[in-house]
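Engineer: Sequence:
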Amino acid sequence: MHKNWPDMTVELSGAIRELRGGAPEVMKAFSGIAQAALKANALDTKTKELIALAIAVAIRCDGCVAFHAEAAVKQGATREEVMETMGMAVYMGAGPSVMYAAQALEAYDQFAEKAKVTA
Numbered sequence: 002m003h004k005n006w007p008d009m010t011v012e013l014s015g016a017i018r019e020l021r022g023g024a025p026e027v028m029k030a031f032s033g034i035a036q037a038a039l040k041a042n043a044l045d046t047k048t049k050e051l052i053a054l055a056i057a058v059a060i061r062c063d064g065c066v067a068f069h070a071e072a073a074v075k076q077g078a079t080r081e082e083v084m085e086t087m088g089m090a091v092y093m094g095a096g097p098s099v100m101y102a103a104q105a106l107e108a109y110d111q112f113a114e115k116a117k118v119t120a
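Here my numbering is used: the first residue of the sequence shown is 2, the next is one more, and so on.
Incorrect hints may appear among the rest.
Below, simulated DSS-like cross-link-like pairs (lysine-lysine); rule was C-alpha separation at most 27 Å, straight line [stated by the list, open to error]:
| no. | residue 1 | residue 2 |
| --- | --- | --- |
| 1 | Lys115 | Lys4 |
| 2 | Lys49 | Lys75 |
| 3 | Lys29 | Lys49 |
| 4 | Lys75 | Lys47 |
| 5 | Lys47 | Lys29 |
These are computed hints drawn from the structure, not numbers from a lab.
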């Protein structure tokens with residue numbers, strides 16, 4: 002094991018409590034967004050936690066992975082469901098990276114061309 006994910010949630014929970022104290026209005030609003038987003042409607046809460054876990058992986062947020070993995074377990078997600086979700090996370094994390102790399106190269110080329118013109 003490279004990281005102790007349960008310890009991470011405990012450690013981050015303390016820091017998040019401090020943030021709540023220092024920015025109470027913002028954190029209250031964030032909590033409201035989380036509650037509204039996780040409320041079971043067309044999608045159940047377990048599915049929403051699996052989506053959040055996939056997004057956490059795609060954006061590479063360790064703390065998000067920890068909290069949403071824990072929530073997925075609490076919502077009854079199976080290992081098979083998590084594995085399938087991870088397949089989507091890999092797919093989505095890699096695809097957007099290809100698109101952004103192409104755009105970054107295009108931007109570089111444009112700026113390099115502009116520098117030649119003004120030099």
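Engineer: Look at each hint and say if it fits the structure.
Structural biologist: Comparing the hints with the structure gives:
{"no.": "1", "hint": "Lys115 with Lys4", "verdict": "violated, 46 Å"}
{"no.": "2", "hint": "Lys49 with Lys75", "verdict": "holds, 13 Å"}
{"no.": "3", "hint": "Lys29 with Lys49", "verdict": "holds, 21 Å"}
{"no.": "4", "hint": "Lys75 with Lys47", "verdict": "holds, 8 Å"}
{"no.": "5", "hint": "Lys47 with Lys29", "verdict": "holds, 23 Å"}
In this structure, only the earlier hint numbered 1 is contradicted, and the remaining ones agree with it.
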